[in-house]
Amino acid sequence: MPRQRVRKGWRKWVNTVNVSGVVIAVLTALPLYWLVSTSLKPASEIGQSPPTAFPRSITFDNFVVAFRDNALGQYMVNSVIVSVSTTVIVLALAFLAGYALAGRFIRGRTAIMTSLLMLSVFPAIAVLTPLYLLERNLGLLNSYPGLIVPYVAFNLPFAIWIMRNYLVGIPSTIEEASEIDGAGAWRTVLSVILPMAKPGLFTVGVFTFTASWSEFLMALTFNSENSFRTIPVGIALFGTQFTVPFAQIFAASVAATVPIVILVLVFRRSIVSGLTSGAVKG
Numbered sequence: 001m002p003r004q005r006v007r008k009g010w011r012k013w014v015n016t017v018n019v020s021g022v023v024i025a026v027l028t029a030l031p032l033y034w035l036v037s038t039s040l041k042p043a044s045e046i047g048q049s050p051p052t053a054f055p056r057s058i059t060f061d062n063f064v065v066a067f068r069d070n071a072l073g074q075y076m077v078n079s080v081i082v083s084v085s086t087t088v089i090v091l092a093l094a095f096l097a098g099y100a101l102a103g104r105f106i107r108g109r110t111a112i113m114t115s116l117l118m119l120s121v122f123p124a125i126a127v128l129t130p131l132y133l134l135e136r137n138l139g140l141l142n143s144y145p146g147l148i149v150p151y152v153a154f155n156l157p158f159a160i161w162i163m164r165n166y167l168v169g170i171p172s173t174i175e176e177a178s179e180i181d182g183a184g185a186w187r188t189v190l191s192v193i194l195p196m197a198k199p200g201l202f203t204v205g206v207f208t209f210t211a212s213w214s215e216f217l218m219a220l221t222f223n224s225e226n227s228f229r230t231i232p233v234g235i236a237l238f239g240t241q242f243t244v245p246f247a248q249i250f251a252a253s254v255a256a257t258v259p260i261v262i263l264v265l266v267f268r269r270s271i272v273s274g275l276t277s278g279a280v281k282g
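Quick note, the sequence shown lines up with residues 1 to 282 if you use UniProt numbering.
Just so you know, these hints were derived from the structure itself, not from any lab. The hints are all genuine.
Restraint-style ranges between C-beta atoms, simulated for each label pair:
(1) Val-127 with Ala-185: 29 to 37 angstroms
(2) Val-23 with Ser-44: 31 to 39 angstroms
(3) Asp-181 with Ala-29: 46 to 54 angstroms
(4) Val-127 with Glu-179: 41 to 49 angstroms
We put the CB at the ideal spot given by N, CA and C, even for glycine.
Make the full structure from the sequences, and use the hints.
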C-alpha cells in the first residue's frame, strides 16, 4: 500500500483546490466590491479618470435619489410580489410532482425526467412572441399574473428535477412505517415526507426566487406600465436620451442585490445539501 505524503506548514494550504477557490472568490468579489464602492461615491467622483478604488467621501444620497425620484420602491414591491408568488406556486407543484416521480412504480420516469431536463434549458426568447400574443388575448399584459404564470412555467421543470432527485434519497421504509401506523397517503406526505424535504425545498425556493427576481426579457415585454415594472426593467429605464445617472443605477443595483445575498447567506447550508443530494442520488 503506497504511503500518503502528509503536507505540513504552508504546503498544507497551498494546493490546486485552495488556490483555485481563492482565485474564483477574488474574481467574483471584485465586481461586487466595485458595485458597492461606486454606489457610495458622489456623482462627480464616479466620472473621474482614472477611477478611484476607494470612495474619497462616502455618501448615501444616491440611494435616496434612487428611491425618491426613480420609483425604486415601487419596483421592489412589484418584484417581491411576483417573485414570492412564483416561488410559492413552484414549490407546491415541484414537491408534489417530484414525490410522484420518486415513486417506485412510475412508468416512463426516465423519459419524463429527460424531457424536464430539456425544458429547463429551453430559451425564453424562442417563445416570447407567441407568449406575448397569448397574454394580450387573455388580457394578462400589465398585470402580476402576466409574469407569474410564465415564470412558473419556465422554473418548474428544473424545480421538479431537483425535488425528485432529493426525494429519491428518502428511504421508502419511512413511508411504510407511516402506513403501518395508520397514516393515510396525504398525512404521510405532509407530516413525514415534507419536513424531511426541507433542504430540497430551500434549494428550489432560492433558485426560483433568484431567477424570478432577476428576469428581464419577459418583464420588459409583458409589462410596459410603470406601476407593474420589476427591478431589472426599472433600473434599465433610469436613464434618458441625454443622461445616464450612473450613481443612481449603481445604488439601485446594490439595493436589488441585497435580498439575494441575504437568502443565500441564510439558507447556504440547505442549498448545498439539496444540490449535493441531487447530484449523488439522482
